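K.L.:
Chains as they are written, first to last, in the working numbering: chain U, 1 to 367; chain G, 368 to 570.
Treat each hint with caution, since some may be false.
Claimed, not checked - Covered stretches of chain U, as calculated for chain G (at least 3 residues, CB under 8 Å):
1) 33-45
2) 326-337
Unchecked claim - Result set (DMTMM-like, lysine to aspartate or glutamate): computed pairs, CA atoms no more than 25 Å apart in a straight line:
3) Lys65/U with Glu517/G
4) Lys392/G with Asp39/U
5) Lys392/G with Glu347/U
6) Lys148/U with Asp338/U
7) Lys392/G with Asp370/G
8) Lys482/G with Glu506/G
9) Lys416/G with Asp39/U
10) Lys418/G with Glu30/U
11) Lys384/G with Glu347/U
12) Lys392/G with Asp121/U
13) Lys418/G with Asp338/U
The set of hints was computed from the structure by calculation and includes no laboratory data. All values derive from a computational prediction rather than experimental measurement. Glycine included, C-beta positions come from ideal geometry on N, C-alpha and C.
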Amino acid sequence: MLVAILIIVIKVAVVFAGIMTGAFLLTWAERKQSALMSDRIGANRASILGIRLWGIINSLADALKLIFKEDFLPPKSMRFLHAIAPVFAMLPVFLTFAVLPFGPPVMIAGEQVNLQILSLDVGLLFVLAFGSIAVYGVMLAGWASNNKYSLIGGMRASAQMISYEIILGLCLIGPVLVYGTLDPGKMVAEQNLLLWGWLPKWGIFVQPLAFLLFLPAAMAETKRAPFDLPEGESEIIGFATEYSGMRWGMFFLGEFAEIVVLAAVLATVFFGGYQIPFLYGGMENMGGPGFHFPGGAYVPVAEWLVVALRVIAFTLKVGILMFLQMQIRWTFPRFRYDQLMRVSWREMMPVALLNIGITGLVLMLLK
Amino acid sequence: MIDVKPVRQIDLTFWQKTYYPEAVKGLAITFRHFFTNFFRHVGRTLGMKTKAPAVTIQYPEERRFVSPRWRGLHRLMLRPDGSPRCVACMMCETACPDRCIYITPGETSDGRIEKYPVAFEIDLLRCCFCGLCVEACPEDAIRMDTGILELGAYARTDLFLDREFLLSDKPELTTHEQYPGELEGAPVHRINLLKLAKGHGAH
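For reference, chain U alone in the conformation it holds in the complex (with noise of 0.2 Å):
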């Protein structure tokens, strides 16, 4: 019972550490990378003892500047609301992660242990829940604040989310009907498999219009460009107009968060999760741990450095997704607030829609 209780704690803790070093690098990854593809230096100005770490120290002296900034409370504002609103953007955000699987289930003093903290059968819905509850943190802050604009900025902003929650719930139909599942360590486990002896059932290979659909709406899920109408900082009064210091700060090291999430879930539910393709562990009974290739050919792993390289394996495409969000990001010129409702509502839900249709009609063939 205590081991149990300690190995949860553990667990939590990596992960909570986890999110926390990539949103912290991400707000330095966000000014450099677009720094580099502006053709521009970027942040490198901060220093410690005249140690710049390429700008990695702007990151401590912006998160110094937060807490040490006024902390503006506007007048008549709901104060119990206006400091809530930011941890209701902030807290779901880390409960989302804990469904989904970092790595392969470990066995450990003969104990099966799975390097997920929790595993529901229901996980996915759990990972849509949590990321609608982000909501509540933008209206409170719009009706918080008593400004008009930031209340119209919070509708806004929560008609939006809304609008893409239900674009990212009929996207995630057509992995759930091909894996037969909603427990994401499970899914990943099936996308170990292979299809015709080569390919890897991957998301992105057995549903690519799913993934085409979801990357974007999950991008305006997370509030950032180019659907980033809630915020646009210096152009449009979003609902965090009366927030300043740390308590904005929140706000955005939500969304940071978010992004690590939201590439975790992607690579969990399209890119395979934890899994190298071809390559096996031992509880998958497939002739001892190592890679197996189709020609027949195997290479033999240990057991440990299977683990070891599907952790890396999961960590490395959560990277790369979370460098390709950033692109995305800083490559493309923001929606008109009609353009991204009609986006959402006239044509990524008929594509939806026809994506589940034709998952369903392909798998009642296929039997």
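Take the given structure of chain U and dock chain G to it, following the hints.
P.N.:
Chain G in isolation, oriented as in the chain U frame:
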């Protein structure tokens, strides 16, 4: 008759309407820039000689050529004997559209001129750097050719310039070498404006 301007309709192909191929093209451009610059940066860190990864000028260390006629911070000129050129004729104060120049004239026993400025103050916060004061001055007493761009201050009073500041001895021509110590401790790659101006005129 009202002119009707026909709006140009752009006919998009089916693939363009789907957004994705064009999006991928756009991403390809930014990815190309990113990786080119990334490898240049890495190369530099490893000590290789690569092309410059950025087109930006790293401001405090590197400075752009500033034209000698560029209007920067004001200064008051001196006669060869060290007295101010200004004769307190109030032309600049009159010409100033922002009314940010305040001159207090005083009589002088100097036989050549009647008046001299007892106080000559410029409120930089109101100044719009139009240069009309320079144009209006009959004595060439006020100029804006110091080339000082960094007009920041921590208090509003710091930007209320008095006669002593404006008159403080500045060399005739504007170069950034005039202002040592403006970046204490930081290595400064200074650009000789005069030299650059000559090169600039050549082509």
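K.L.:
Each hint: holds or not?
P.N.:
These are the hints, each one checked on the structure:
no., hint, result
1, 33-45, "holds (count 8)"
2, 326-337, "holds (count 5)"
3, Lys65/U with Glu517/G, "23 Å, holds"
4, Lys392/G with Asp39/U, "18 Å, holds"
5, Lys392/G with Glu347/U, "21 Å, holds"
6, Lys148/U with Asp338/U, "21 Å, holds"
7, Lys392/G with Asp370/G, "38 Å, violated"
8, Lys482/G with Glu506/G, "13 Å, holds"
9, Lys416/G with Asp39/U, "17 Å, holds"
10, Lys418/G with Glu30/U, "24 Å, holds"
11, Lys384/G with Glu347/U, "11 Å, holds"
12, Lys392/G with Asp121/U, "40 Å, violated"
13, Lys418/G with Asp338/U, "44 Å, violated"
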